[in-house]
Structures are given as structure tokens and as C-alpha cells.
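Trainee: Sequence:
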Amino acid sequence: MTILAIAAFALNLPFGYLRAASNKFSIKWFLYIHLPIPFIIAIRWAMGVDYRVIPLVVIGAVAGQYLGGRLNKNGKP
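In this note's numbering, the protein residues as written are 7 to 83.
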């Protein structure tokens, strides 16, 4: 379970970094938020993890997006 949350966090770090450099509510912004989701779902299925861990995975993904955005301080990739 924890490995999946860490994977979601790590996968979302670069997307959060790129999201911070895009205009809010633009196509790029939307894609940077939603592109990691299918990969996280595929990892969850491959690991055979139950749906009950989704809240933990969402917390990891949101934290990755947030920290990735914070790492991009000047808003340029």
C-alpha cells in the first residue's frame, strides 16, 4: 500500500513541476494533472491492490503535484 502511494507521489512530482509553469485551467494544466492517473491505476492493478487504498494513493498524488509545483519557484520549466 505504502509503495503505491510513494509511486504516485514520485510519478506526480515532474507533472506538478510542469503544471506550475503552465497557465491555470489551460489544456496543458489539465493534462499535467490528469496524465499520471492511468499509470497509477495500471500500477495498482499490476500490484493487485484493492480499491480501499485509493484515498492513500490520492494523498500521495496530490502531495507530489503540490511539492513539484513548489520546486518550480519561478514558474518556468
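A few of these clues could be false.
With beta-carbon atoms standing in for the labels, derived distance ranges [unchecked claim]: (1) Y72 <-> S32: 12 to 20 Å; (2) N80 <-> S32: 16 to 24 Å; (3) A16 <-> F36: 16 to 24 Å; (4) I60 <-> P20: 17 to 25 Å; (5) M53 <-> K79: 28 to 36 Å; (6) R76 <-> N29: 13 to 21 Å; (7) A52 <-> N29: 32 to 40 Å; (8) L37 <-> I9: 19 to 27 Å; (9) K34 <-> G54: 14 to 22 Å; (10) W51 <-> N80: 24 to 32 Å; (11) I49 <-> Y72: 28 to 36 Å.
Derived by calculation from the structure, the hints in this document are not laboratory data. Given the structure is predicted, the values throughout are model-derived calculations rather than measurements. Glycine included, C-beta positions come from ideal geometry on N, C-alpha and C.
Trainee: All hints, please: hold or fail.
Mentor: For each hint, the structure was consulted:
1. Y72 <-> S32: 12 to 20 Å: holds (19 Å)
2. N80 <-> S32: 16 to 24 Å: For N80 and S32 the Cβ distance comes to about 18 Å; the hint holds.
3. A16 <-> F36: 16 to 24 Å: This hint holds: roughly 21 Å between Cβ atoms.
4. I60 <-> P20: 17 to 25 Å: holds (22 Å)
5. M53 <-> K79: 28 to 36 Å: holds (34 Å)
6. R76 <-> N29: 13 to 21 Å: Given about 18 Å between the Cβ atoms, the range holds.
7. A52 <-> N29: 32 to 40 Å: holds (34 Å)
8. L37 <-> I9: 19 to 27 Å: With Cβ atoms ~26 Å apart, the hint holds.
9. K34 <-> G54: 14 to 22 Å: violated (34 Å)
10. W51 <-> N80: 24 to 32 Å: For N80 against W51, whose Cβ atoms are near 38 Å apart, the range 24 to 32 Å is violated.
11. I49 <-> Y72: 28 to 36 Å: violated (20 Å)
When each numbered hint is compared with the structure, violations occur for hints 9, 10 and 11.
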